[in-house]
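Novice: Sequence:
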Amino acid sequence: MAVAQWPSQLPLPEREGFEYQLGDPRERFDPERGMPMYGMRYSRSFDQVAMVLTVDDSGRARLMQFWTDTLKRGARAFAMPGPGEHGRGILVSPGVPLLAGTVPILISRSWLCVIQGAPGFRAVGVRWRASFSLARIR
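So the sequence shown is numbered by this note's numbering: it starts at -6 and just counts up by one.
Treat the hints as calculated values from the structure; they're not laboratory data.
Taking lysine to any residue and the SDA-like style, the derived pairs with C-alpha atoms no more than 25 Å apart in a straight line are:
{"no.": "1", "residue 1": "Lys65", "residue 2": "Ala54"}
{"no.": "2", "residue 1": "Lys65", "residue 2": "Val45"}
{"no.": "3", "residue 1": "Lys65", "residue 2": "Leu5"}
{"no.": "4", "residue 1": "Lys65", "residue 2": "Gly52"}
{"no.": "5", "residue 1": "Lys65", "residue 2": "Gly75"}
{"no.": "6", "residue 1": "Lys65", "residue 2": "Trp121"}
{"no.": "7", "residue 1": "Lys65", "residue 2": "Ser126"}
{"no.": "8", "residue 1": "Lys65", "residue 2": "Leu105"}
{"no.": "9", "residue 1": "Lys65", "residue 2": "Trp104"}
{"no.": "10", "residue 1": "Lys65", "residue 2": "Phe125"}
{"no.": "11", "residue 1": "Lys65", "residue 2": "Ser103"}
Have a look at the derived ranges for each label pair, beta carbon to beta carbon:
{"no.": "12", "residue 1": "Thr95", "residue 2": "Met57", "range": "37 to 47 Å"}
{"no.": "13", "residue 1": "Gly16", "residue 2": "Lys65", "range": "17 to 27 Å"}
{"no.": "14", "residue 1": "Ser124", "residue 2": "Arg81", "range": "18 to 28 Å"}
{"no.": "15", "residue 1": "Asp50", "residue 2": "Pro24", "range": "54 to 64 Å"}
{"no.": "16", "residue 1": "Thr61", "residue 2": "Tyr31", "range": "32 to 42 Å"}
{"no.": "17", "residue 1": "Glu25", "residue 2": "Leu3", "range": "51 to 61 Å"}
Heads up, the beta-carbon is just placed ideally off N, CA and C, and yes, glycines get one too.
Let the hints inform the model, and build the full structure from the sequences given.
Specialist: Have a look at this one:
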């Protein structure tokens, strides 16, 4: 089965409200004496991501359809362009892009994610502010 893709009709998250927390792949062991010890877990860790989108009525319907039908109410993983990374130019030095001929070389980065819990919506004028949490699989 193919991995679902983030709908192109939906925007990427806004900077305001975006939070990224690195997952901790360590397991803690507390001996009877001394300091706690840490070891690596056998499974991967998840990074926690809080996202906020501002959408119109059709964007709200598209997000709900994506979550309900495509992701089976959040039970399936999906790929999305990496917010803040995907589509940006690679820089040689500050403000100087790396070029292939005369065209800048862009970063192509995608994340494999699972939505944690149902998206929440808050009315902001005639638009909707959708917020939800992701687990980014690393």
